[in-house]
Every structure is written in C-alpha cells, then in structure tokens.
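Novice: Whenever a hint applies, use it, and build me the whole structure from the sequences.
Protein chains in written order, with full-length UniProt numbering: chain A, 1 to 176; chain B, 1 to 176.
Hints should not be assumed to be uniformly reliable.
It does not matter which identical chain is meant; a pair holds if it fits inside one copy or across any two.
As the list claims (entries may be wrong) - Cross-link-like lysine-lysine pairs, in silico, DSBU-like; alpha carbons within 35 angstroms at most:
hint : residue 1 : residue 2
1    : Lys42     : Lys162
2    : Lys162    : Lys36
3    : Lys147    : Lys86
4    : Lys149    : Lys36
I should point out that these hints are in silico values taken from the structure, not numbers from a laboratory.
Number of protein chains: 2
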Amino acid sequence: MLPAGATVAEAKAAAPAAITEQDRQHMTQAIALMRKAGVVEKTGGAFGAVIVRDGEVLAATGNSVLRDNDPSAHAEVNAIRAACKKVGAPNLRGATMYTSCECCPMCYATAYWARLDRIFFAASWTDYADLFDDSNIGADMKNPYAKRKVRIAQMMRSDAQKVWQEFRTLPDRARY
Amino acid sequence: MLPAGATVAEAKAAAPAAITEQDRQHMTQAIALMRKAGVVEKTGGAFGAVIVRDGEVLAATGNSVLRDNDPSAHAEVNAIRAACKKVGAPNLRGATMYTSCECCPMCYATAYWARLDRIFFAASWTDYADLFDDSNIGADMKNPYAKRKVRIAQMMRSDAQKVWQEFRTLPDRARY
Numbered sequence: 001m002l003p004a005g006a007t008v009a010e011a012k013a014a015a016p017a018a019i020t021e022q023d024r025q026h027m028t029q030a031i032a033l034m035r036k037a038g039v040v041e042k043t044g045g046a047f048g049a050v051i052v053r054d055g056e057v058l059a060a061t062g063n064s065v066l067r068d069n070d071p072s073a074h075a076e077v078n079a080i081r082a083a084c085k086k087v088g089a090p091n092l093r094g095a096t097m098y099t100s101c102e103c104c105p106m107c108y109a110t111a112y113w114a115r116l117d118r119i120f121f122a123a124s125w126t127d128y129a130d131l132f133d134d135s136n137i138g139a140d141m142k143n144p145y146a147k148r149k150v151r152i153a154q155m156m157r158s159d160a161q162k163v164w165q166e167f168r169t170l171p172d173r174a175r176y
Numbered sequence: 001m002l003p004a005g006a007t008v009a010e011a012k013a014a015a016p017a018a019i020t021e022q023d024r025q026h027m028t029q030a031i032a033l034m035r036k037a038g039v040v041e042k043t044g045g046a047f048g049a050v051i052v053r054d055g056e057v058l059a060a061t062g063n064s065v066l067r068d069n070d071p072s073a074h075a076e077v078n079a080i081r082a083a084c085k086k087v088g089a090p091n092l093r094g095a096t097m098y099t100s101c102e103c104c105p106m107c108y109a110t111a112y113w114a115r116l117d118r119i120f121f122a123a124s125w126t127d128y129a130d131l132f133d134d135s136n137i138g139a140d141m142k143n144p145y146a147k148r149k150v151r152i153a154q155m156m157r158s159d160a161q162k163v164w165q166e167f168r169t170l171p172d173r174a175r176y
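Specialist: In structure tokens form, the structure reads like this:
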C-alpha cells in the first residue's frame with residue numbers, strides 16, 4: 001500500500017474534472033448509511049454505500065456483517081448485489097459507487113467484477129486503522145502464497161483441467 | 001502476479017506436511033461441483049468449493065453468477081456465506097476451503113475476512129486464462145489508484161471522519 005498521502009493525491013489526480021452537487025448528495029447518503037449501520041442500528045462496522053447509474057439510485061446499503069453473520073456483507077458488496085438484483089444482470093457497466101470509506105480489496109475486486117465505472121470514497125483506511133485492518137489485507141495480498149495469512153496449497157490440478165477442457169467445448173458456456 | 005510456475009512451487013512449499021485421502025475426497029467434491037455449475041447446470045463459470053471444519057462439511061457450492069445475477073456469487077464466496085450461515089457466525093476460524101481453482105482476489109479477500117485457516121486449490125489461473133480474467137484483476141489491484149481500471153477518487157473525507165470518531169466512543173461497537 002502507498003502512504004496515505006500519496007494515495008489520496010493520486011486518487012485526486014484520477015478524479016473526474018469536477019465533483020458535482022449531485023455527487024455530494026449521493027455521498028451524503030452513503031455517510032448517513034455509514035452512521036446508521038455502525039452507530040444507530042449496529043448491523044456491522046460504520047460503512048455505507050450508494051450505487052447510481054444515469055441519475056438513478058440503484059442501491060443504498062450499510063454494512064451488515066454482524067446482522068447477517070456474513071463476512072462478505074460489507075456495504076459495497078451489499079450495494080453491488082442489490083443493484084445487480086434490481087437491474088437483473090450480473091454487471092453494472094456505467095455505474096458509479098459512492099462509499100463512505102476506501103474500498104477493502106474484497107470490495108474493490110467485487111466492483112471490478114461488477115464492471116463498475118468509477119468509485120468515490122470518503123474516509124481513508126488510515127482514518128480507522130485502529131478499528132479495522134483493511135490495510136493489513138492489502139499488504140497480505142501482495143505477498144507470494146507461501147507468505148500469506150491464509151495458507152494456500154495446490155492439489156489435483158489435472159482433474160480440474162479436464163473440466164476446463166470440457167467447459168471450453170460448450171457452445172453456450174457462461175460468459176460474463 | 002508471479003509466474004505460474006513460481007506460484008505453484010511456493011504454494012507447495014507452504015503446503016501442510018501431506019495431502020491426505022480426506023483432502024482428496026473434499027477436493028473431488030469441489031471439482032464435481034465445478035462441473036455441475038459450469039457444464040451441467042450452467043449457473044455460472046466452472047468453479048466449485050467445499051468448506052470443512054473438524055471433519056464436517058459446512059458448505060459445498062458452485063458458481064452462480066448467472067443464475068443469481070450476482071457478480072459476487074463465485075463458488076468460494078457462496079461457500080463462505082453458506083458456511084457462516086450454518087455456524088451462525090461471521091467467521092470460520094480453523095476451517096479449510098477446497099476450491100477447484102486458484103482464488104481470485106475477491107475470493108481470497110473474502111476468505112481472509114472470514115478468517116479461514118487454509119485453502120487448497122486445483123486449477124491455476126493460467127489453466128483458463130482464455131475464459132476468465134482472474135490474473136488481470138490481480139494485476140490491476142497492484143496498481144496505484146490513478147492507474148486502476150475502476151476510476152477512484154476521494155471526496156468529503158472529513159464528514160466520514162466525524163462518524164468514525166462517534167463510532168469509537170460506542171462501548172458496544174461492532175468487533176469482528
């Protein structure tokens with residue numbers, strides 16, 4: 001991970017030409033959901049997210065890891081899942097996500113798979129590093145497997161390769 | 001990403017002392033679920049995963065991205081969510097995941113948040129790089145924000161910092 005200052009500077013460099021009043025309204029909603037999830041209803045950590053496309057709010061959710069007993073129920077993943085359900089497709093091309101905090105690697109990767117167009121975030125990891133270890137996971141994922149926190153080993157590779165070969169021959173195989 | 005050969009060698013170096021017959025049975029089930037998801041039922045890509053703790057299979061699932069219109073519905077995330085639901089907790093400390101393919105960054109990060117103990121995988125990313133871009137996302141996530149595929153920018157940081165300060169004062173705040 002880059003030093004926080006550098007990250008923010010680079011994020012600003014990559015920003016669209018201007019942050020609009022509409023952007024501020026959507027982020028205000030994301031921060032309200034952050035407070036609702038973490039401080040008021042305590043469904044999980046203080047995180048909120050809003051997904052918008054063509055001016056329409058497709059999803060607006062908070063973190064619900066504790067309520068749902070689901071480690072994947074970060075605000076961003078919840079919002080992506082809800083938005084996809086709403087539009088009836090597994091992708092959100094052209095959409096923007098407003099999230100109260102810098103995406104953890106799980107949330108960023110989910111946004112990538114969802115083909116989100118862009119992300120605005122408010123707090124940096126360094127703003128709550130005493131509470132959640134988002135930067136630790138980012139650092140862990142830069143390590144080779146042998147040094148990862150979750151031990152990883154390969155086995156039975158050839159058996160899985162056979163299924164991939166079978167999958168390749170399907171005329172109507174999954175594409176996304 | 002490391003070259004495939006190096007990754008596999010390192011994974012082997014990090015492996016437990018021996019792969020047991022029980023491990024092979026669990027991976028065989030994961031590969032059967034892989035085939036079911038990708039080739040037979042076509043709920044999504046050819047991916048399957050099984051989570052086991054203390055000899056008990058907690059979850060056994062395939063990829064359902066297309067069936068569920070959910071980009072997060074990779075076999076591994078589905079398995080983690082199902083296992084957590086079964087045990088009634090947002091973590092799976094001491095559990096092992098058997099997955100038909102090398103985890104994408106979303107799945108690895110979810111495994112990390114779930115506090116999984118270890119992961120066995122069968123196919124490497126290179127075995128199906130013509131079909132899914134798992135290695136592309138890994139490469140993207142190593143880039144600074146300014147060069148990411150999903151454009152990222154920061155805004156309204158101080159508003160979110162205020163909520164974090166409020167969250168910190170809660171005696172019963174979320175911990176996980």
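Novice: With reference to the structure, classify each hint as holding or not holding.
Specialist: Do the hints match the structure? See the list:
1. Lys42 x Lys162: between (47 angstroms within a copy, 17 angstroms between copies)
2. Lys162 x Lys36: between (49 angstroms within a copy, 13 angstroms between copies)
3. Lys147 x Lys86: Between copies only: 30 angstroms across chains, 40 angstroms inside a chain, cut-off 35 angstroms.
4. Lys149 x Lys36: both (32 angstroms within a copy, 31 angstroms between copies)
In the structure shown, no violation is registered for any of the earlier numbered hints.
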